[in-house]
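Chemist: Chain residues, written in single-letter form:
Protein chains: 2
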Amino acid sequence: MNQLSERILREGKNLGNGILKVDGFINHQVDPGLMDECGRELAQRFARLGVTKVLTAEISGIAPALTTARHLGVPVVYARKAKPITMPDQIFLTLAPSHTKGRTVELIVSPDYLGGDERVLILDDFLASGQTILGLVRLAQAAGATVVGIGALIEKEFEGGRARLADLGVPIETLSVIIDMSDGRIVFGD
Amino acid sequence: MNQLSERILREGKNLGNGILKVDGFINHQVDPGLMDECGRELAQRFARLGVTKVLTAEISGIAPALTTARHLGVPVVYARKAKPITMPDQIFLTLAPSHTKGRTVELIVSPDYLGGDERVLILDDFLASGQTILGLVRLAQAAGATVVGIGALIEKEFEGGRARLADLGVPIETLSVIIDMSDGRIVFGD
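In order, the protein sequences belong to chains D and U. The opening position of the first sequence corresponds to residue 1 in this note's numbering, with each subsequent residue numbered one higher. The opening position of the second sequence corresponds to residue 1 in this note's numbering, with each subsequent residue numbered one higher.
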């Protein structure tokens with residue numbers, strides 16, 4: 001069992017309805033050393049794909065995407081959920097339903113930082129239903145970029161995201177795969 | 001002139017009204033190598049203060065706070081602007097006016113991750129009016145924690161944040177100080 005899965009077992013909480021609380025080390029309080037190790041491992045797995053840019057979504061994707069991008073030696077772009085005043089009027093925008101938020105969120109990227117020649121690795125903290133990641137795929141496709149891989153720290157396999165992304169035909173790598181969260185359990189796959 | 005100031009001169013854009021566009025390397029697209037260097041430098045400047053936690057605000061504070069925390073070897077907590085479902089009902093919340101957003105934003109921290117025994121370094125991408133940082137100070141004080149330092153990547157000195165924070169009597173360190181943005185210029189201090 002790797003460092004991340006051990007940490008989830010020790011400190012993660014199953015809040016029911018498939019909600020995993022990991023805000024002590026991933027998405028409110030962050031353990032920078034753990035994030036760096038996860039980024040190193042993800043970068044290794046995608047090292048041969050010629051990635052030129054990591055694409056993620058604010059907010060909780062930023063930490064793992066930043067460390068992965070650092071180990072790959074490429075920039076990271078995080079899609080915004082609201083258009084800041086510093087962004088041009090012409091933007092890439094898509095809508096993605098958010099399970100944990102119970103509503104649809106906008107994902108916005110400036111054309112200045114996502115171009116047709118990019119080889120994009122999409123990265124997020126969770127791969128659950130796959131809807132956020134599919135939104136990021138649409139943004140990359142709108143820019144004419146090539147999605148070469150998809151990665152996440154934690155996969156909730158029982159939400160079917162991997163199957164939903166299979167048609168893309170790109171490698172999908174996650175560090176910690178949870179196969180069952182029923183009855184208060186947290187059960188890992190191999 | 002340091003690496004960050006050089007980058008601002010080369011790629012930053014003065015959009016008028018004191019708005020500095022740095023979304024090519026700090027707050028939309030992020031240069032992980034630059035962030036790591038900035039984090040290393042900030043960590044060095046605060047190395048002797050016995051920092052136990054770095055506190056920042058989502059979204060654009062996350063990258064520099066994460067790298068600084070990594071070099072200090074402590075966790076980072078980012079205040080949320082909306083309460084996620086994984087957070088308990090009892091929280092620390094304060095309001096901070098946002099110049100660039102033109103409205104007041106909430107800053108929320110879970111009591112689970114900010115306690116009375118913490119020695120807190122507050123860190124953000126910008127020190128401008130100081131209002132966001134003052135909000136983070138109030139959160140730390142509400143938790144009974146001790147604020148031991150304040151840091152930022154970029155200071156817009158002409159917005160008076162440093163003066164507003166002076167009463168706290170803690171060291172304030174910024175890597176790139178801009179003293180004038182009138183007439184489309186970007187003028188650095190020493």
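Hints were generated in silico from the structure; no laboratory data involved. Where is the CB? At the ideal position from N, CA and C, for every residue including glycine. Each hint should be verified, as a subset may be incorrect.
[Unchecked claim] Covered stretches of chain D, going by a simulated chain U footprint (3 or more residues, C-beta under 8 Å):
hint: 1; region: 1 to 12
hint: 2; region: 105 to 118
hint: 3; region: 137 to 150
hint: 4; region: 154 to 163
hint: 5; region: 167 to 175
[What the hints assert, rightly or not] In silico DSS-like cross-links for lysine-lysine, where the CA-CA straight-line distance does not exceed 25 Å:
hint: 6; chain 1: U; residue 1: K13; chain 2: D; residue 2: K101
hint: 7; chain 1: U; residue 1: K101; chain 2: U; residue 2: K83
hint: 8; chain 1: D; residue 1: K83; chain 2: U; residue 2: K83
hint: 9; chain 1: D; residue 1: K101; chain 2: U; residue 2: K101
hint: 10; chain 1: D; residue 1: K101; chain 2: D; residue 2: K13
hint: 11; chain 1: D; residue 1: K101; chain 2: D; residue 2: K81
hint: 12; chain 1: D; residue 1: K81; chain 2: U; residue 2: K101
hint: 13; chain 1: U; residue 1: K101; chain 2: U; residue 2: K81
hint: 14; chain 1: U; residue 1: K83; chain 2: D; residue 2: K101
hint: 15; chain 1: D; residue 1: K83; chain 2: U; residue 2: K21
hint: 16; chain 1: D; residue 1: K13; chain 2: U; residue 2: K101
hint: 17; chain 1: D; residue 1: K21; chain 2: U; residue 2: K21
hint: 18; chain 1: D; residue 1: K101; chain 2: D; residue 2: K21
hint: 19; chain 1: U; residue 1: K101; chain 2: D; residue 2: K83
hint: 20; chain 1: U; residue 1: K101; chain 2: D; residue 2: K21
hint: 21; chain 1: D; residue 1: K101; chain 2: D; residue 2: K83
hint: 22; chain 1: U; residue 1: K81; chain 2: D; residue 2: K101
hint: 23; chain 1: U; residue 1: K21; chain 2: D; residue 2: K101
hint: 24; chain 1: D; residue 1: K83; chain 2: U; residue 2: K13
hint: 25; chain 1: D; residue 1: K13; chain 2: U; residue 2: K21
hint: 26; chain 1: D; residue 1: K13; chain 2: U; residue 2: K13
hint: 27; chain 1: D; residue 1: K83; chain 2: D; residue 2: K21
hint: 28; chain 1: U; residue 1: K81; chain 2: D; residue 2: K83
hint: 29; chain 1: U; residue 1: K101; chain 2: U; residue 2: K21
hint: 30; chain 1: U; residue 1: K101; chain 2: U; residue 2: K13
hint: 31; chain 1: U; residue 1: K83; chain 2: U; residue 2: K21
hint: 32; chain 1: D; residue 1: K21; chain 2: U; residue 2: K13
Chemist: Verify this for me: three or more residues of the region 154 to 163 of chain D with a beta carbon less than 8 Å from a beta carbon of chain U.
Modeler: Contact hint for the region 154 to 163 of chain D vs chain U: violated, 0 residues under 8 Å.
Chemist: Straight-line Cα separation of K13 (chain U) and K101 (chain D) no greater than 25 Å?
Modeler: violated (34 Å)
Chemist: Next pair to validate is K101 (chain U) with K21 (chain D); report whether the Cα-Cα distance is within 25 Å.
Modeler: Answer violated: K101 (chain U) to K21 (chain D) is near 30 Å, above 25 Å.
Chemist: Would you mind confirming whether the straight-line C-alpha gap from K101 (chain D) to K83 (chain D) stays at or under 25 Å?
Modeler: holds (19 Å)
Chemist: Does the alpha-carbon distance linking K13 (chain D) and K21 (chain U) stay inside the 25 Å limit?
Modeler: violated (39 Å)
Chemist: Given the proposed pairing of K101 (chain D) with K81 (chain D), does the C-alpha separation stay at or below 25 Å?
Modeler: holds (13 Å)
Chemist: Given the hint that K101 (chain U) pairs with K21 (chain U), test it: the Cα-Cα distance must not exceed 25 Å.
Modeler: holds (14 Å)
Chemist: Is K21 (chain U) close enough to K101 (chain D), meaning Cα to Cα at most 25 Å?
Modeler: violated (30 Å)
Chemist: Decide if the proposed pair is consistent with the structure: K13 (chain D) and K101 (chain U), CA atoms, cutoff 25 Å inclusive.
Modeler: violated (34 Å)
Chemist: Is the hinted pair K83 (chain U) and K21 (chain U) satisfied, with a Cα-Cα distance of at most 25 Å?
Modeler: Cα-Cα ~28 Å, so violated.
Chemist: Do the alpha carbons of K101 (chain D) and K21 (chain D) lie within 25 Å of each other, as the hint requires?
Modeler: holds (14 Å)
Chemist: Need the status of pair K83 (chain D), K21 (chain U): alpha-carbon distance at most 25 Å?
Modeler: The given pair, whose Cα atoms are some 13 Å apart, holds under the 25 Å limit.
Hint check: violations occur at hints 1, 3, 4, 5, 6, 16, 17, 20, 23, 25, 26, 27, 31 and 32; the rest are consistent with the structure.
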